[in-house]
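Trainee: Chain order of the listed sequences is A and B. Everything in the first sequence is counted per the numbering used here, starting at 1273 for the first residue and increasing by one. Everything in the second sequence is counted per the numbering used here, starting at 93 for the first residue and increasing by one.
Worth flagging that the hints you see were computed from the coordinates, not collected in a lab. A hint or two may mislead.
When the alpha-carbon atoms are kept at most 25 Å apart in a straight line, the in silico SDA-like pairs for lysine to any residue are as follows [what the hints assert, rightly or not]:
| # | chain 1 | residue 1 | chain 2 | residue 2 |
| --- | --- | --- | --- | --- |
| 1 | A | 1379 | B | 130 |
| 2 | B | 149 | B | 165 |
| 3 | A | 1321 | B | 180 |
| 4 | B | 149 | A | 1284 |
| 5 | B | 149 | A | 1277 |
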Amino acid sequence: AQSVSQHNHHVILSEAASLELGCNYSYGGTVNLFWYVQYPGQHLQLLLKYFSGDPLVKGIKGFEAEFIKSKFSFNLRKPSVQWSDTAEYFCAVNFGGGSQGNLIFGKGTKLSVKP
Amino acid sequence: KAGVTQTPRYLIKTRGQQVTLSCSPISGHRSVSWYQQTPGQGLQFLFEYFSETQRNKGNFPGRFSGRQFSNSRSEMNVSTLELGDSALYLCASSISGDTYEQYFGPGTRLTVT
């Protein structure tokens, strides 16, 4: 079955620390990849997306992600986190590369940034 | 441009009842997807509608159903509610096409007692 795994349930960092959140998916075919963020009390927002082309994609608020096809991974990174990055982060995959509106989500990673 | 709106935002029902949730997509978006979010299972895909047709369905029992109207607004219905149906129900809209970038609404928090 198609699945998405996020390895860390809860990550705690101090401000200015670097962040990397892991995401792996199970399928070997064409995929569209997304990272969403859910700030406390707010709804899911798209951070960044990958459809094709350059495997290093940049999103909003200084986040970036790298698609490594051979590892079925799409890890999220940020060089220096801020307190305002405290949120829950979800990796999501659209298996088959589009045309069907079902995203498979990972279980999410809660990020707590200490000021 | 207004975002995805969902009504009601909160709902309390008792077991055995049925419930209808509503979603208005972003103007111009023709695809609407529904998801259930729970602490244990995370975000799970329910179904997707495009041009009033259900195009894709997740692994949920037949008690969960939906529909889409000609203006792209969508409703989902849950019949014979169970305690386990307590969840945040999210709606997402998309222009559709090959890239499938989805925009999410704030959700409807359903509590079944």
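Trainee: Compare the structure with each hint and give your call.
Mentor: Hint by hint, here is what the structure shows:
At roughly 10 Å between alpha-carbon atoms, residue 1379 of chain A and residue 130 of chain B fall within 25 Å of each other, so this suggested pair holds. Between residue 149 of chain B and residue 165 of chain B, the direct Cα distance comes to roughly 18 Å. Compliance with the 25 Å bound is thereby established for this hinted pair. With a C-alpha separation of about 24 Å, the suggested pairing of residue 1321 of chain A with residue 180 of chain B holds against the 25 Å cut-off. About 36 Å separates the Cα atoms of residue 149 of chain B and residue 1284 of chain A, which puts this hinted pair outside 25 Å; it is violated.
Between residue 149 of chain B and residue 1277 of chain A the CA atoms are separated by roughly 21 Å; this keeps the pair inside 25 Å, and the hint holds.
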